[in-house]
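Undergrad: With the hints as your guide, set chain B onto chain A.
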Amino acid sequence: MKYLHKLLMGFSIAFLFVALTGTVAMYLSQQALKESIGNGFIELAEEAIDKIDRSISKRIEQAEAYAINVAGDPDLRESNTRFAAMDDVQGYIDEQEREWRAAKSDELTPFMQALILNPLSREIRDEFLLEAFYREKYGYPVFAEAFATNAYGAVVALSNRTSDYRQDDEEWWQKAKEAGKYVSDFNYDESAGVYSLDIAVRMEDTEGNFAGVFKAVLNIREIVDIATVVHLAEHNEEMDFRLLDREGRTITATDDYEVMEAFASGRLLPRLSAATAGFFTAKSSDEREGDEFISYAHSRGSGEYAGNGWILVIEHEKEHALQPIYRLRAILVIIAGMSVLVVVVICLYLYAIVSTPIRRLRKATEQVAKGNLSVKMPVESHDELGLLAADFKKMVVALDASRKELDALNKGLQNKIEEGTKEARKTAEEAEKAKRATLNMMDDLTEAMEKQKRLEKIKTEFLSVTSHELRTPITPMSSEVEMLLGEFFGKLTDEQKKSLELVQRNITHLDHLISDILDISKLESGNMKFLMKKGSLVAVLQDVVETMKIKANERNISLTLKADAIPECVFDHDRIAQVARNLVNNAIKFTDSGGEITVEAINQGDYALMKVSDTGIGILKEDQEKIFRPFVQVDSSMSRNYEGSGLGLAICKGIIANHNGRIWAESEIGKGSVFQFTIPYKLSAMKGEVELFNYSEEEALNRFMEDIKKKGYRIVQGKEKELLGGNVIDTKGKLRYDLSLKDLEEKGYITGEDNHQQEHIGSG
Amino acid sequence: MDDQRDVAGTISTVLKKHGYDVETAYDGNECLQKVENGRFRLIFLDIMLPGMSGDAIAKELRKTYDSKIKIVYVTIKPKAEVDITDADGFIQKPFKIREIIREAEVMIA
Numbered sequence: 001m002k003y004l005h006k007l008l009m010g011f012s013i014a015f016l017f018v019a020l021t022g023t024v025a026m027y028l029s030q031q032a033l034k035e036s037i038g039n040g041f042i043e044l045a046e047e048a049i050d051k052i053d054r055s056i057s058k059r060i061e062q063a064e065a066y067a068i069n070v071a072g073d074p075d076l077r078e079s080n081t082r083f084a085a086m087d088d089v090q091g092y093i094d095e096q097e098r099e100w101r102a103a104k105s106d107e108l109t110p111f112m113q114a115l116i117l118n119p120l121s122r123e124i125r126d127e128f129l130l131e132a133f134y135r136e137k138y139g140y141p142v143f144a145e146a147f148a149t150n151a152y153g154a155v156v157a158l159s160n161r162t163s164d165y166r167q168d169d170e171e172w173w174q175k176a177k178e179a180g181k182y183v184s185d186f187n188y189d190e191s192a193g194v195y196s197l198d199i200a201v202r203m204e205d206t207e208g209n210f211a212g213v214f215k216a217v218l219n220i221r222e223i224v225d226i227a228t229v230v231h232l233a234e235h236n237e238e239m240d241f242r243l244l245d246r247e248g249r250t251i252t253a254t255d256d257y258e259v260m261e262a263f264a265s266g267r268l269l270p271r272l273s274a275a276t277a278g279f280f281t282a283k284s285s286d287e288r289e290g291d292e293f294i295s296y297a298h299s300r301g302s303g304e305y306a307g308n309g310w311i312l313v314i315e316h317e318k319e320h321a322l323q324p325i326y327r328l329r330a331i332l333v334i335i336a337g338m339s340v341l342v343v344v345v346i347c348l349y350l351y352a353i354v355s356t357p358i359r360r361l362r363k364a365t366e367q368v369a370k371g372n373l374s375v376k377m378p379v380e381s382h383d384e385l386g387l388l389a390a391d392f393k394k395m396v397v398a399l400d401a402s403r404k405e406l407d408a409l410n411k412g413l414q415n416k417i418e419e420g421t422k423e424a425r426k427t428a429e430e431a432e433k434a435k436r437a438t439l440n441m442m443d444d445l446t447e448a449m450e451k452q453k454r455l456e457k458i459k460t461e462f463l464s465v466t467s468h469e470l471r472t473p474i475t476p477m478s479s480e481v482e483m484l485l486g487e488f489f490g491k492l493t494d495e496q497k498k499s500l501e502l503v504q505r506n507i508t509h510l511d512h513l514i515s516d517i518l519d520i521s522k523l524e525s526g527n528m529k530f531l532m533k534k535g536s537l538v539a540v541l542q543d544v545v546e547t548m549k550i551k552a553n554e555r556n557i558s559l560t561l562k563a564d565a566i567p568e569c570v571f572d573h574d575r576i577a578q579v580a581r582n583l584v585n586n587a588i589k590f591t592d593s594g595g596e597i598t599v600e601a602i603n604q605g606d607y608a609l610m611k612v613s614d615t616g617i618g619i620l621k622e623d624q625e626k627i628f629r630p631f632v633q634v635d636s637s638m639s640r641n642y643e644g645s646g647l648g649l650a651i652c653k654g655i656i657a658n659h660n661g662r663i664w665a666e667s668e669i670g671k672g673s674v675f676q677f678t679i680p681y682k683l684s685a686m687k688g689e690v691e692l693f694n695y696s697e698e699e700a701l702n703r704f705m706e707d708i709k710k711k712g713y714r715i716v717q718g719k720e721k722e723l724l725g726g727n728v729i730d731t732k733g734k735l736r737y738d739l740s741l742k743d744l745e746e747k748g749y750i751t752g753e754d755n756h757q758q759e760h761i762g763s764g
Numbered sequence: 001m002d003d004q005r006d007v008a009g010t011i012s013t014v015l016k017k018h019g020y021d022v023e024t025a026y027d028g029n030e031c032l033q034k035v036e037n038g039r040f041r042l043i044f045l046d047i048m049l050p051g052m053s054g055d056a057i058a059k060e061l062r063k064t065y066d067s068k069i070k071i072v073y074v075t076i077k078p079k080a081e082v083d084i085t086d087a088d089g090f091i092q093k094p095f096k097i098r099e100i101i102r103e104a105e106v107m108i109a
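In order, the protein sequences belong to chains A and B. Using the numbering used here, the letters of the first sequence correspond one by one to residues 1 to 764. Using the numbering used here, the letters of the second sequence correspond one by one to residues 1 to 109.
No wet-lab data here; the hints were simulated from the structure. From a predicted model like this one, the values you see are computed outputs, not experimental measurements. Fair warning: there could be bad hints in the mix.
Part of the chain B face toward chain A, derived, beta carbon under 8 Å [as the list claims (entries may be wrong)]:
hint, residue
1, Gln4
2, Asp6
3, Val14
4, Lys17
5, Ile76
6, Lys79
7, Lys93
8, Pro94
9, Phe95
10, Lys96
11, Ile97
We put the beta carbon where it would ideally sit given N, CA and C, even for glycine.
So that you can see chain A by itself, here it is in the shape it has in the complex (with noise of 0.2 Å):
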């Protein structure tokens, strides 16, 4: 939300609050100038009213003054005792009545002469209506007619013909008797020829008896007079003037008849009844004309006079009556207005204001915010955004001080690093050329290496393949060699024997050197497999002696072997039957005839130490190394001498180090060497290769079991655990047993079908 907008919403609420203030305000100052206008109407009604009840009661104490004076006529006093002496006073009275109803209303009897010319009737005339007196002063008379009747009801004097003799009978007459006085509605005086109103008075002689009744009779005109001169007083020509007499009869109006039809309908004459005085709004009867606005007041009296029920109202039109409150009335929508506007204004003006600078003080922020510290504070003013944007612009300045700060800071160390980098950049060049000339070495020796490396395995692929490939082919040749030398195809001759036997010779030579190198080959890649088994070393060591001890016994060379109680361990029986016969051999080749040569084994406790101890020629101490690499020979003119590949003694050091034995050789010159190796009893500490008893014992024993029945023989019972430590080893997961099935029967551990014969029933 844009600030202008709160900002209007505020003031728009703001504004809201003093609407409805302001609207109640009007309202009820609308209701109390309506209250004053209407209570100034009323005024009006009852000064108006007020001064019609003063002019009636002066005209009744007009009538009551004159009242006593004729109350103490002699004329009266003596119709009063003449009518008092009469026998019959009623009949008296009909019969005068009776004449005076049959004249016409233009004729005067003698009777009425002589009453209209009597001396009191003449005193009325001239004193009382004093006629010329009021029409001078008013232009018409007060009192249109007076005639006064003694106690009888018949009539004295008269100022005017009336129209009856006998007056009793009249209400006017009866009420004045009993209260003194009567004061009438208006009426329409035949007589009189006028609306008029009758004053009645009680007459009383001396002593307070009833005399008889004075009655005047009052023109209307004078009070139409009083309301006119009232109306015009006002100058106000909205205004209509009405009074009404008790019955809501019109008495007299200064105009509109509607509104008089609506009072003679008695429409309105309920609410003009409420009270003594009020004001209230009525709709006009006619549709075309507005409403109208209606104040009243009833009569109140004046001194003896109480008051006669008239009611003095006046109308107005509602519009022009209640102008006032219709100008406060648009007066006040026009200040809102103006307020409206103002508020509208000031908001804008406040919203410019305090924008401005805000929005000025954004642009600088952003400023800041994109780095231009040097940006100006355009917000100058003391109030609080002033303050902000001064704060701002210390907060700049400070941001700018420390900027450059950092800036001169950088450049000292970036001046700094462009020179340690130059520097560097040096030595990083020259450890560049360094460097490369190292990478070009070493990719140098890398590819060398590499070369080497194809190289070796070019020459172990190679050894390998040709090894077979040559060895295959001696197969035949040693085979019908040896055929032609059993004679099979026939008898031979020495010569020929002694042929053969050479090439024989010759080929078991070849044989060697090809299984030699193909031994050293697959030691050097990793690949010489080897059959581990259980067993005894001394075992082994015994047949090697025993079949090399023909050779030996050729030369004339004694020997022999000393065996510890070696336990059994697991070894590849052939391969280490190959080292020691090696070893014997090579002592034979070296020793002279009439040697010794002595095969020892010893219990070392965790390995058994075999030595193979001669009495040769002995090697010299930087040879003894030297004899273990492969190819080598101390002496290159021995190969001839003494005949061999020079690979024997190698393959001896491979096939040890693959029982994690040690093989060394101990010589003195002209005395001897004693060559020595070592087999560690737990093939357990053994790495590379070979790894035994991957399986648990159990599993491996169940897996024998399995293998043997398979074959169709049958476990006798409580061996398996004898047959587990005897025979069975895993290597790798693999199963490995080297035991015949017909040993196996010997010694009683199965019990086997129809085979007997020797049988290998496994290996990995």
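TA: Relative to chain A, chain B alone:
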């Protein structure tokens, strides 16, 4: 059975001299075919052969004839490198004539 005719011939000669009825074969299919048509008790079997290897031939023979026909491997491979599960005997090349004769005597008792 040997792909090298000379070897097969030598073994054949040796055995014939000792009074055995001998037939030679030079590949796996020929071997299986001959076994099917004849009544053989012992087969000297080379392992490294072109096509079907000696192991595979042995497996096939075992499947069909179980242990009625004995099998002896005659190979250049050292014993440690050979799986002899399906064989009854093993002779390392180059062999001695007496090894052939002994195996024959043992297998055909």
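Undergrad: Against this structure, judge whether each hint is valid.
TA: Against the structure, the hints come out as follows:
no.: 1; hint: Gln4; in the structure: holds (6 Å)
no.: 2; hint: Asp6; in the structure: holds (4 Å)
no.: 3; hint: Val14; in the structure: holds (7 Å)
no.: 4; hint: Lys17; in the structure: holds (5 Å)
no.: 5; hint: Ile76; in the structure: holds (5 Å)
no.: 6; hint: Lys79; in the structure: holds (7 Å)
no.: 7; hint: Lys93; in the structure: holds (4 Å)
no.: 8; hint: Pro94; in the structure: holds (4 Å)
no.: 9; hint: Phe95; in the structure: holds (7 Å)
no.: 10; hint: Lys96; in the structure: holds (7 Å)
no.: 11; hint: Ile97; in the structure: holds (5 Å)
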